[in-house]
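Just so you know, the sequences run in chain order A and B.
The opening position of the first sequence corresponds to residue 1 in my numbering, with each subsequent residue numbered one higher.
The opening position of the second sequence corresponds to residue 1001 in my numbering, with each subsequent residue numbered one higher.
None of these hints come from the bench; they were simulated from the model.
Warning: the hint list may mix true and false statements.
What the hints assert, rightly or not - Each computed EDC-like pair below joins lysine to aspartate or glutamate, with the alpha-carbon atoms no more than 16 angstroms apart: (1) B:Lys1374 x B:Glu1444; (2) A:Lys172 x B:Glu1285; (3) A:Lys172 x A:Asp99; (4) B:Lys1372 x B:Glu1403; (5) A:Lys63 x B:Asp1319; (6) A:Lys145 x A:Glu112; (7) A:Lys172 x A:Asp113; (8) A:Lys63 x A:Asp200; (9) A:Lys196 x B:Asp1319.
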Amino acid sequence: MTPRTFTELQEVVLDPSFPDLDLALRRGRHVDREDFAWYTLLTDAQDLLEAFYRRYGCELVHKADGYYYLLPTGEKLSRRQLAVGDMLVGQALALMYLDPSTIERGGRATTEDVVAQLAVVMGAEALVRAFHTKKKKYDERVAQKAVRTKVADGIRRLAALGFVDVGDESLKLRPALLRFAEPVRAAGQPAAALAKLVADGEIAMVTEDAEPAEADVDAETESDAGEESTDDDSDLEAELRADDAERAASDAADASEDDEDT
Amino acid sequence: MVATRYEAPPVTSPRRELDQVIAAIAHRKPAIDLGPVDICFLIALHVQSEGANLTSFTEQQLEDVFANASAIVQPEAEQVRRRATHAIQRLREQRFLARVDGQGVVRTGEFALSRLAIGVVEFFLEDDVLTRASLHVLLASLRTAITEVREVARTATEPAQWADGVVGPLQVTIAELVAGIERRQRGLDLQQENFQAEIRRLLEADWFGALDRCQQLLEQTSATLHELNEVLLRDSSQLLVLLQDVEDLAVAAGQTDAEAVAHRLMDQIDRSAAWGTTRQRAWSEYFQYVHRYLRDVVRLDPTRALTQRLREQLAESGDKFALTYASAAPMRILRTVPPPRDQPPVTRPRAPRDREPVTEPAADPQAVLVSKVKQALVDGARTLSTVTAQVTADVAASERFIEAGRIAHTVAQVAQVRAEVERPWVAVGADLEVEEWDTTAPREEKS
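When you get a sec, could you build the whole thing from the sequences and use the hints?
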């Protein structure tokens, strides 16, 4: 397929794919070769689009790994940061993307694989502390269920940003996941790399106090992005208790039936 | 002559029949337990029998073959003779070896591999993988065979000619050839799976060094699949045309068996062609993914240090950071709102809100009922049922039952009633029955 030559921005804007691509980029979508029409348009009109988005105070970033995204550097377009939990999920997915065992499955994985990867690398205890609670005592089942739920939520949010594709039963890992590996790309000190990425506006440092889900730069709120919600945990506990009660009632009924039979 | 359309028989047996078959097999408690030595022993027997044209083995021969197989599989094992006896016994019990001499205890026996054993051996020896050469030969043989069958079908007039010259070859020769293609396709599928695992193993064993070998494997498999797909698509259309001719001839001759067999073969060939297309598509996706992986991951990280550093980053609880991304709010699309109507000015009612209570005469429902009952009696009603029917004519159905009781009570008060010991039930309308009384005219009221 020969590349199209765009000489003027008007031609790019008139391309049928442009409106959807533009909206997707502004909403944080990472575009790779899987998004064939968008990726082709971005590649063919990269110079024009870089200048176009710079006027909105954004950089159209193209990584050698084969993906594009929009990075707001000014105040004209709002920007957000991923939640801490989503960052952990993203890094686990990036590890899986790099692992040759994923090759055997054509770059596919499951949510269980992600939880397993996190548990192996971080340890089960640290995983619960990161996703559920920092208390020393906790109900193991509630905590495990909360971790699974929050990892699944994280995957869903990352899918909306083009890091993975969520299918019926599996996830397809996409090249944009390598963005999570950027701070450790170079062989030098990670701190220096982090400082540079912070200066470029690629990442933001997160303090312990300001760990809520998605830090929002221009103060917009999004109700579904909340984490650390105690309501969720109490709901989970209530749900598990209800399950237990139901099971106990069912066991009692079975036992009485057995008695009647005998 | 009426040509009837072929209707394919159901592929699966009816449920009940299947249940019976499963139950019967379960009743026999079948079980198979073969270790690596047993399997290798069976394979050695099979190869030996083919090489030496043996139809059966003596006990001595069995033990010799076992000793050979055991020397390869378990070179350090001792008591080979005793283990051979046990192995032969195990295979006999599981019906892998059948005694064929029929002499019983009279002399040492002769044994042959059973069908079950040959099936197992063939599975493990299966090296039938679809290649361009094997596919070409198979398709050419198929074309020749179907062309011959078509010629027979054109000239056949007798049912016997159809059975011997058309149905027979279609059922046996041609079906075998198509099955051969399908079997090789399955072999290729298995090879693909192994290939995917092989790429993983190569990368795990020698990350950057395996790059060229992986590229080579990818290119080879892609070329093979591409060629196979091309050949399948081209030749299958020719085969389908030939089989369609045979089917048309069978329909015209009213040969339903021949028609059915031809139809079934067409389905099989369609399936084979579809296999090629789907494998090609799936492979294309996999090919692109692995190529990107090799280029973007392996080449850019030749020492595999990135994985290690990323793992450490995830495991450490050091500085936490978060990726930044654009998050433009969705465009606000204002909904159309109708302009507000002119609201009338708020006023206060001038008239007083509370009304003075008014005294009204109360109607006595019993008095009304008494007058209605009397009227009915005056009009000539002389039984309770007729009075009830007349008085409840305007009463709602839901209240008629209650009203009937009151009517009976009132009739007894205003008239003289007489009832039999056995009072008959008489219907009043569709939903009510009363015990019948005779009544007189209303009593005169005493002044």
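Against the structure, the hints:
no.: 1; hint: B:Lys1374 x B:Glu1444; verdict: holds, 11 angstroms
no.: 2; hint: A:Lys172 x B:Glu1285; verdict: holds, 12 angstroms
no.: 3; hint: A:Lys172 x A:Asp99; verdict: holds, 14 angstroms
no.: 4; hint: B:Lys1372 x B:Glu1403; verdict: holds, 12 angstroms
no.: 5; hint: A:Lys63 x B:Asp1319; verdict: violated, 24 angstroms
no.: 6; hint: A:Lys145 x A:Glu112; verdict: holds, 12 angstroms
no.: 7; hint: A:Lys172 x A:Asp113; verdict: holds, 12 angstroms
no.: 8; hint: A:Lys63 x A:Asp200; verdict: holds, 14 angstroms
no.: 9; hint: A:Lys196 x B:Asp1319; verdict: holds, 14 angstroms
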